[in-house]
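Here the protein sequences come in this chain order: R and D. Quick note on numbering: the first sequence equals residues 1 to 151 in our numbering. Quick note on numbering: the second sequence equals residues 1001 to 1760 in our numbering.
I should point out that these hints are in silico values taken from the structure, not numbers from a laboratory. Where hints are given, some of them may not hold.
Said to hold, decoys possible - Pairwise CB distance ranges, derived in the manner of DEER restraints: (1) R:63 x D:1747: 32 to 40 Å; (2) D:1637 x R:127: 15 to 23 Å; (3) D:1756 x R:116: 33 to 41 Å; (4) D:1189 x R:116: 51 to 59 Å; (5) D:1252 x R:18: 16 to 24 Å.
Claimed, not checked - In silico negatives: residues of chain R with every beta carbon more than 10 Å from chain D: (6) 9; (7) 15; (8) 31; (9) 53; (10) 66; (11) 67; (12) 138; (13) 148.
Ideal placement from N, C-alpha and C gives every residue a C-beta, glycine not left out.
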Amino acid sequence: MIKLKVNGRERSFDGDPDMPLLWYLRDELSMTGTKFGCGVGQCGACTVHRNGDAIRSCSTAMKDVAGKTIVTIEGLSPNGDHPLQKAWAQGNVPQCGYCQTGQIMQAAVLLKKIKKPSDKEIEDGMAGNICRCGTYQRIRAAIKTAAKEMA
Amino acid sequence: MSIQNIDNATRRNFIGGVFSASAFVLAADLLPETLWADTSEYLGKAAASALKPSLYLGLEPDGTVYIVTHRSEMGTGIRTTLPLVAADEMEADWSKVKIEQAIGDARYGDQNTDGSKSIRGFFVPFREAGAAARLMLTRAAAAQWKVPESECSAVNHVVTHTPSGKKLGYGELAVAAGKLPVPKASELKLKTRSEWRYIGHTAKDPKAIADLKDITSGKAVFGMDAKVDGMVYASIERPPVMGGKVQTFDDKEALKVKGVSQTVSIPPFTPPYTFQPLGGVAVVANSTWAAFQGRKKLKVEWNNGENASHDSEHYKAELMETAKKPGKVVRNLGDVDAAFSKGKIVEASYYVPLLAHATMEPPVAIASFKNGKVEAWVPTQNPQAVQDTVAKALGIKVEDVTCHVTLLGGGFGRKSKPDYVAEAALISKSVGKPVKVVWTREDDIKFDYYHAVAGMYHKASLDEKGKVTGWLHRSVFPSISSMNDEKSMYGFNVEYGMGLNDMPFDIPNQRAENGPAKAHVRIGWLRSVANIYHVFSGLSFADELAHAAGRDSLEYQLELLGAGKILNLGAQGVGEYWNYGESLDRYPFDTRRLRKVLEIAGEKSGWGKRKPGNGWGMGVAVARSFTSYVASVVEVEVDKTGKIRIPKSYFVVDAGTVVNPERAVSQFEGAGVMGAGIALTGEISLADGRVQQGNFNNYQVPRMHQAPIQTDVHIVESNELPGGIGEPGVPPFIPAFANAVFAATGKRVRELPFSKAKLV
Ligand code: FES
Ligand code: FES
């Protein structure tokens, strides 16, 4: 039995310990804000926080989240009004929107580590997150907007 | 059956469910024929057919306006943009508008969200639906007050009797208005441009994206997120070689995986491949992960068939060879051979490999077969094609297939081909439960309908002043028509009309030819389609000619365009020019508009101000596609290791009337990123008939630092009819990028992707 905390709630899981966290969140908890994009840690669409760090849930087995605290996009802010989410709205960032929850979760950790990231730091921090629609310049701008608000 | 958060309007439940019995419902297909007579001209073939678009616009007594969008949302913003049009003409308060996604139904007219044509096709019908509603509400108020209609005006959800100042809200008038006859087209008074409040006014406006908050909070329901009660999951092992078949398979180990319940054989397609599934063996399980695990344990012996010897290296050599030989003439003006007998001759060959769509959300579909009928929940660009394809695959009637449309995690043309839905329906029929088929990224990249590989050859003659006297453009590619005809060796007017027979240059002698090529993989349309290779080669060659003539490329492109005029391609040996499905009367090919965007691009980008070289350069290209006119300037830096960075790019766009400028700008920003990816790293290749790439590690798409760091988009003010937005950005970007690399390094990259070229 694997015990973990997801968005503040205690959960237990007794299935295949090798199953990636992504499928537990999506298929079992119906938390579909965390997306499947590549399954191999290449795209960042599945990004969530494990004990405050950004991880790729598609490549993190359930056994590796035992006893850990997981935060997904559904738990990032109570009303979808984290400074990043607000900045995303202000800049009309999304196109199709599929990658955006992963982008926001990645950016949230970036801003926790670096209060006012430079362009280079944003590029490095976000390099693991693909946006096939090509919203990068707006993501970059929204991160800067949020950084200002959080300062 | 339940489905989370997907609102759908169907003819059955729309009137009975979404609206209360007293609601005022305006179904545009109930408008009199006279109204349709006007719109049918606008819609071209779609409305000339027996089935006409039925746009729904409803108003409830509580003031809520429902607007149904029948087009699919894949990132262009169309789910917001079309309702904005109707709401503006209705004088509706946007905060009271609710958007409903239509199911697939031929009565809506064309629903294939492809070809950058949603606004071109439905701008007028949506305006008329809104204007008709406004007029009926005004009439209802005038009748109630017993005053002349002309003394009343409708503004922002309220009708006012101007002399007395009396007011009635739209909601209060809904029931009475619903009892009035629908006005004739001749009675409608569309708003003037200066009266528009939403159309053209979305910049920096939260109206720009209706689903924004759901997207950023993870609540938006994409196809991948849909769930149906009692649903099981399936993952499919498909023939590794196109046209291959299962010889034998052993599922013993697969069935031992916890959660796996059974396997299902999917028959191979009967040629031509169309939208049929590729065939293979499906593993059905109680979770996505169990289905994936079970599939890994399958043992399948394949009969690979004749494509097993296909190899991209050899195929490329063949294409390039064919491009050197005369082909089928698709445009002939003057006499190029005579022109080539004098002056300076320049020639060059270009190559673009196969490309995969790689939408961020891989193909996925839920289908439920019950009592001879199918209900499906799909991220699809074309719900009517879903109905047709599923009906054919299962041998049931089209009207027995209901297709609900979810949000799409990207489309780019991939999701207008519903092979993945037919898979889900076949499996559901076999297991007797709703089934969700999930494609992995590897499935997506290995079993795509690929953008065609192409070889092009260009030859031109220059006179002593450097002016082009003759231009020959040859193109060889496996055609999209192979989808419907496996023997197809040549392209067709749609592919020719994308940069091959409509090169816009004012040159007295021009010939375009298409040589034969056979398809060994599924070929399909991808954002911008044949423009990708034709405009890349054509505008790279224009830059080469400028260089050969010792001239500035932007000035030279202006000179090639000539003084500017309405181009009469019919008189230039083109025969039937496709013109993106539009009549040339309504959408003429106007090279003055090309000149204009090019000139503005020069100003905006500071063209010519800095001397190129030493790893810095700018490139420019211009093209008309999807009836829009676009110039692109790209600035590059190439470092000592050959690494390319794009600090800045510019688009100047004349797309006629632009309804949602904010979303239009984002489409061009995205086009720059996709264009950069095609140029830098885009390549699908085959060996032994098998696709060599499988995920983002080897089919690379741009990441933040590889994309243009900043793209500035300038939209030209225009009163012309609306043109395409989603696709016209990609074609000029790629040659502008290649021309910039040449300016920076002196290296002419004629074969994509750049990653294969030695730049230093
Ligand atoms: S789905 Fe996890 S990184 Fe792509
Ligand atoms: S918004 Fe579509 S993939 Fe990023």
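CB-CB spacing for residue 116 of chain R and residue 1756 of chain D relative to the 33 to 41 Å hint = holds, 39 Å
Residue 15 of chain R clear of chain D by more than 10 Å, beta carbon to beta carbon?
-> Given that some Cβ of chain D is not farther than 10 Å from that of residue 15 of chain R, nearest at about 8 Å, it is violated.
Hey, does residue 67 of chain R actually stay past 10 Å from chain D on C-beta?
-> holds, 21 Å
In this structure, is the beta-carbon distance linking residue 1189 of chain D and residue 116 of chain R contained in 51 to 59 Å?
-> Once the Cβ atoms are compared, 54 Å apart, the range 51 to 59 Å for residue 116 of chain R and residue 1189 of chain D holds.
Are all C-beta atoms of chain D more than 10 Å from that of residue 148 of chain R?
-> holds, 17 Å
Starting from the hint 15 to 23 Å, judge whether the C-beta atoms of residue 1637 of chain D and residue 127 of chain R obey it.
-> With a Cβ separation near 18 Å, residue 1637 of chain D and residue 127 of chain R satisfy 15 to 23 Å, so the hint holds.
Minimum Cβ-Cβ distance from residue 138 of chain R to chain D exceeds 10 Å | violated, 7 Å
Distal placement of residue 9 of chain R relative to chain D, Cβ over 10 Å = Non-interface label stands for residue 9 of chain R: nearest chain D Cβ at 16 Å, farther than 10 Å.
Can we confirm that no CB of chain D comes within 10 Å of the CB of residue 66 of chain R?
-> holds, 17 Å
Any Cβ of chain D at or closer than 10 Å to residue 31 of chain R, or is the non-interface label fine?
-> Its Cβ does come within 10 Å of chain D, the nearest being 7 Å, so this is violated.
Indicate whether the distance between the beta carbons of residue 1252 of chain D and residue 18 of chain R respects the range 16 to 24 Å.
-> This hint holds: roughly 21 Å between Cβ atoms.
For residue 53 of chain R, is the shortest beta carbon distance to chain D beyond 10 Å?
-> holds, 19 Å
The structure fails to meet hints 1, 7, 8 and 12 from the earlier list, while all remaining hints are met.
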